[in-house]
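Student: For reference, the chains in residue letters:
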Amino acid sequence: MVQRNSVFANLDWVSILLWMVMIGFGWMNIYSANIMEADNGIFDFSQRFGKQLIWIGASLLLAMLMLVLDAKFYIHFSYLLYILLLGILLGVLVFGREINGAKSWFVVGGFQLQPSEFAKAITALALANLLTSHSYNIKKFWHLVKALSIIAVPPMLILLQPDLGSVLVYSAFILVLFREGFSANVMLMLAALGLLFVTSLLLDKALILLFLIIITLIIYMVVARSVKKGLVNGLIIAMVFGVLYGINYLLKTEFSLFLIGLAALVPVALVITVKGMRLREYAQMKILVGLIVSIVFIISMDLAMNKVLKPHQQHRIYVTLGIEDDPQGVGYNVNQSKIAIGSGGFSGKGYLQGTQTKLHFVPEQSTDFIFCTVGEEWGFLGTSFVILLYLGFLLRMIFLAERQRSSFSRIFGYGFISVMLIHFIVNIGMTIGLMPVIGIPLPFFSYGGSSLWTFTMFLFIFLRLDASRLELLR
Amino acid sequence: MNQYTDRRYVFAVAIILVGLVFMIRLFQIQVIDKSYEQYALSNAQSVRVIYPARGLIYDRRGEIMVYNKAAYDIMITPRLLEPFDTTELCEILKITRESAIERLNSAKAYSRRVPSVFMKQVSYENAALFQEKMYQFQGFYVQTRTLREYTDSIASHALGYVGEVDQAILDSVPYYQLGDYIGVSGVEKAYEEHLRGQKGKTVFLKDVHNQTIESYQGGRLDETVEVGKNLTTTLDMELQAYGEKLMSPYVGSVVALEPSTGEVLALVSAPTYSPDLLVGRNLGVEFGKLAIDTLNPLFNRALMAQYPPGSTFKTIMALIGLQEKVISTRTEHHCYYGFYVGNIHTGCHLHETPLDLIEAIQNSCNTYFINVLKSILQDVKYTSTAEAYDNWRRHLRSMGFTEPLGIEMTNELNGNVPPASYFNRIYGENHWNYLTIRSLAIGQGELLVTPIQMANMTATIANRGFYIAPHLVKEIEGEDDIDDKYREKHFTTVDTSNYGPIVDGMDLVINGGPGSTARNARIEGITVCGKTGTAENPHGNDHSIFIAFAPKEDPKIAIAVYVENQGFGTTYAAPIASLMIEKYLTREVKRTWYENWVMQLIQPVAPVVKKNNISNDGTEE
Ligand SMILES: [Zn+2]
Numbered sequence: 001m002v003q004r005n006s007v008f009a010n011l012d013w014v015s016i017l018l019w020m021v022m023i024g025f026g027w028m029n030i031y032s033a034n035i036m037e038a039d040n041g042i043f044d045f046s047q048r049f050g051k052q053l054i055w056i057g058a059s060l061l062l063a064m065l066m067l068v069l070d071a072k073f074y075i076h077f078s079y080l081l082y083i084l085l086l087g088i089l090l091g092v093l094v095f096g097r098e099i100n101g102a103k104s105w106f107v108v109g110g111f112q113l114q115p116s117e118f119a120k121a122i123t124a125l126a127l128a129n130l131l132t133s134h135s136y137n138i139k140k141f142w143h144l145v146k147a148l149s150i151i152a153v154p155p156m157l158i159l160l161q162p163d164l165g166s167v168l169v170y171s172a173f174i175l176v177l178f179r180e181g182f183s184a185n186v187m188l189m190l191a192a193l194g195l196l197f198v199t200s201l202l203l204d205k206a207l208i209l210l211f212l213i214i215i216t217l218i219i220y221m222v223v224a225r226s227v228k229k230g231l232v233n234g235l236i237i238a239m240v241f242g243v244l245y246g247i248n249y250l251l252k253t254e255f256s257l258f259l260i261g262l263a264a265l266v267p268v269a270l271v272i273t274v275k276g277m278r279l280r281e282y283a284q285m286k287i288l289v290g291l292i293v294s295i296v297f298i299i300s301m302d303l304a305m306n307k308v309l310k311p312h313q314q315h316r317i318y319v320t321l322g323i324e325d326d327p328q329g330v331g332y333n334v335n336q337s338k339i340a341i342g343s344g345g346f347s348g349k350g351y352l353q354g355t356q357t358k359l360h361f362v363p364e365q366s367t368d369f370i371f372c373t374v375g376e377e378w379g380f381l382g383t384s385f386v387i388l389l390y391l392g393f394l395l396r397m398i399f400l401a402e403r404q405r406s407s408f409s410r411i412f413g414y415g416f417i418s419v420m421l422i423h424f425i426v427n428i429g430m431t432i433g434l435m436p437v438i439g440i441p442l443p444f445f446s447y448g449g450s451s452l453w454t455f456t457m458f459l460f461i462f463l464r465l466d467a468s469r470l471e472l473l474r
Numbered sequence: 001m002n003q004y005t006d007r008r009y010v011f012a013v014a015i016i017l018v019g020l021v022f023m024i025r026l027f028q029i030q031v032i033d034k035s036y037e038q039y040a041l042s043n044a045q046s047v048r049v050i051y052p053a054r055g056l057i058y059d060r061r062g063e064i065m066v067y068n069k070a071a072y073d074i075m076i077t078p079r080l081l082e083p084f085d086t087t088e089l090c091e092i093l094k095i096t097r098e099s100a101i102e103r104l105n106s107a108k109a110y111s112r113r114v115p116s117v118f119m120k121q122v123s124y125e126n127a128a129l130f131q132e133k134m135y136q137f138q139g140f141y142v143q144t145r146t147l148r149e150y151t152d153s154i155a156s157h158a159l160g161y162v163g164e165v166d167q168a169i170l171d172s173v174p175y176y177q178l179g180d181y182i183g184v185s186g187v188e189k190a191y192e193e194h195l196r197g198q199k200g201k202t203v204f205l206k207d208v209h210n211q212t213i214e215s216y217q218g219g220r221l222d223e224t225v226e227v228g229k230n231l232t233t234t235l236d237m238e239l240q241a242y243g244e245k246l247m248s249p250y251v252g253s254v255v256a257l258e259p260s261t262g263e264v265l266a267l268v269s270a271p272t273y274s275p276d277l278l279v280g281r282n283l284g285v286e287f288g289k290l291a292i293d294t295l296n297p298l299f300n301r302a303l304m305a306q307y308p309p310g311s312t313f314k315t316i317m318a319l320i321g322l323q324e325k326v327i328s329t330r331t332e333h334h335c336y337y338g339f340y341v342g343n344i345h346t347g348c349h350l351h352e353t354p355l356d357l358i359e360a361i362q363n364s365c366n367t368y369f370i371n372v373l374k375s376i377l378q379d380v381k382y383t384s385t386a387e388a389y390d391n392w393r394r395h396l397r398s399m400g401f402t403e404p405l406g407i408e409m410t411n412e413l414n415g416n417v418p419p420a421s422y423f424n425r426i427y428g429e430n431h432w433n434y435l436t437i438r439s440l441a442i443g444q445g446e447l448l449v450t451p452i453q454m455a456n457m458t459a460t461i462a463n464r465g466f467y468i469a470p471h472l473v474k475e476i477e478g479e480d481d482i483d484d485k486y487r488e489k490h491f492t493t494v495d496t497s498n499y500g501p502i503v504d505g506m507d508l509v510i511n512g513g514p515g516s517t518a519r520n521a522r523i524e525g526i527t528v529c530g531k532t533g534t535a536e537n538p539h540g541n542d543h544s545i546f547i548a549f550a551p552k553e554d555p556k557i558a559i560a561v562y563v564e565n566q567g568f569g570t571t572y573a574a575p576i577a578s579l580m581i582e583k584y585l586t587r588e589v590k591r592t593w594y595e596n597w598v599m600q601l602i603q604p605v606a607p608v609v610k611k612n613n614i615s616n617d618g619t620e621e
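Residue numbers (my numbering), protein chains in the order written: chain L, 1 to 474; chain C, 1 to 621.
One should not assume that every hint holds.
[Stated by the list, open to error] A few chain L residues that don't get close to chain C, going by computed Cβ distances all over 10 Å:
# : residue
1 : L144
2 : A152
3 : L193
4 : L207
5 : R225
6 : L279
7 : I432
[What the hints assert, rightly or not] Straight-line distance between alpha carbons at most 30 Å, and here's what the computed DSSO-like set of lysine-lysine pairs gives:
#  : chain 1 : residue 1 : chain 2 : residue 2
8  : C       : K201      : L       : K349
9  : C       : K34       : C       : K69
10 : C       : K34       : L       : K349
Don't read these hints as lab results, they were simulated from the structure. We treat Cβ as the ideally placed atom computed from N, Cα and C, and that holds for glycine.
One chain only, chain L, in its complex shape (with noise of 0.2 Å):
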């Protein structure tokens, strides 16, 4: 019933084009970013806008190339696909070339490929394959832990790389999993911890347990339904932390603040326990359980910060947060892209005019910084343009995911969604200082073939099963 020209009739067209906008204008910033190394015309190989030039020309094959393929393949295929991606993955670590100090890359030629962009991909047909398989349900623990394997397993191969950027771009995925049913609490107490993560770098840890120790009451209150309850427990706690305070003083054991917090919660929290256990309200329990969650991530952060992240990437997260200003060691980059972008004020300087960009003030300026040739040549205009459009091709993304009656299908779109985001929101945020320095690139925009392929690659699958929507319904 299907036939090779029905694809073509049922190819969601609105998508291509502002996929050919997003590519185009991405090429004439490259060009401009480059423009002041050359003068031997666009074609000119040896120069990135030339190079550019033929990684397009190729993601227009790869394009093509799947979209002859039948859907069908992507579904078959898609486990297969997985466990070679995780043999190259592998094979990346043994024969790959260091650049920046990051083993990923195979070089070809002249040409570089990174296979960890490729890997995006295939995890999210390997991870649409799991969640439509029979009996498949997010509910259950092991299949989840199931799901946040395949999800895991590429990053981990990657991150004896050393490529943070990849990683946070596999953590979308736990998006995908959200739409699929995965426990809206669980995402809020998920981000409840990022959120006491940010908390715990900006503020003194002693300040953080006070605040803990205080919401925990209010919600005793709540659920007890007595404020009188949470009043008593909360004036214990306090006598217990004076009487532990004056004797550190006396004695001059310099136990911290922190400390002598947690120890003033050991006999409130026990009485809890003890009479919980004993009239079995759990409800009660469980709130105690939250505390001590938070207070165990808490310290366990403060040890990850200090003891696993390396001083640069304690150093880089510390600026992003404002908490150290450095303009010239690691907030250097992101102040002369802040100032790129916001010197090219409302229309900015003119294609071509940019000098913040060209002479190298702004680093990566053709990959990923992209985003500050625009903010400088074409103003606010321009970068409200860039926003919008991207904003424009993901509810276009949306609303072909959801129009799938396969899951499959569905699924697999929200996977190139999701990656999609997180790489607009790190990148774009980063060049105007809202997140940290993470080089991860803007998709369809910064130069580099890895990149342009995977985001191809990615939406054409999609646009191909898209056009079998009528037909798959798994």
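Start from chain L and add chain C with the ligand according to the hints.
Tutor: Quick look at chain C with the ligand alone, frame taken from chain L:
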């Protein structure tokens, strides 16, 4: 399976929220916050200032007087500094570590982005060595500047000096920047805008390594440097040097003008100082020393000292008397050792009597000119003494006595010729007459003039009735002509015909027989006309005054000499004027013994003037 369809809205809303946050942020940094544009400019632009060479100054005969030598300032831009070897820097520049740190800190305090002077006027050798090793000192550079150099150490008062701009100028004139040089006085100040030229600048684009990439926007913001314009002064270097030499033992002033043009040939203020002192690094220290010198060498006496003109003023009295037709050349007055009315007495010296006008000038008779003043003030044309007085003052105004003459220098002062209202206030209206103010007739009393006004008065007589405002610059390179005001003839209110007899009298002062008061100013073969004067000085010895011009027909030079505390005008002022005229007109002085005598190198063994011929111009009451 698809029961979570509503979660699509969570995605859609989240995406829209992200877009919204981004756009708000972009609006803030791109549209609202303008500071990024400034950062971008300072990031990418590098402005290199090119300092023009200051214009040269020539004398009237084309001899170079002032030129430039290169000086090297070590400049610093704190923002661009990178760690460097302080010890090596100190070694190259020959400064101590403490001094280096202090200089560094003061540069940082001034501005982190704008370059400032780290060390001024480093020697050529040190600058060259520094330039060689500059790659080690990021943030430093060598700025070439020019300093003034003088062919001869003369004319410091006329030429003035060049110094660093002060805060007041920095605040008011945007052209100047900290560390720039500017003419502070004299010709250097008056012609600053011509001499300085126009600073140029080249705006470069530089990249993140502070390397120059290309000229910015094809040089659209560049400003071409314009070399300063050369000036030709009216000064005669040899005459100026000679005047300074002759005046070196004295305090006083010599001003020589070319009558037909008002050009200043020599402007001497003694004691003077060498212009070399006020150049470069030591300017401050040397200026301080000069400022506390009790002889006040910085005081430009030629333009600022106000002296009584003494008997030289009798020429003016004669002119006004003739013009007002209250006397004629045949008017005679008797004089027996002075002027007596009742118990009022003004002394005079021994001379024949009666004298007519010309003889009175020749003999400098006090009695005669008090009578001239009487005739002027009691003129029946006027209803009151005050009215007649103000008419007299009107003539003086036309001769340039009541206002500064308008030479290029801003420090020129005015003389003092009080108006009638002044005497009305002192003595009461109608309670004064010629007797009250008779000292004015002989150039004393309230009357004060500056040496340049006296020289101008001499030039006016030489011109027989007009003067052109004295000025110091003859030609400005690239300009058609100097200021119109130095071309304008100011005709006096006294007719040309009335000048003849006065000139004749001044001729006789020098070249007449017995009774001539300044025969020692005589020059062989040149008819010099002159007039002696002596100004009473209540604080010490009287001041010696002499005015002269020569030759009598078609005068080329008019001169006024004022020597403080040296007694009769004839004694020193007249010989100095005479030697100056000889020097200017013949280019050499044959009377070297006379020169030596004037400069007190030899004792006055052979006074040229017999004792009984020396006139006593002083007054007694
Ligand atoms: Zn007499």
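Student: Which hint numbers doesn't this structure obey?
Tutor: Per hint list: 7 and 9 violated.
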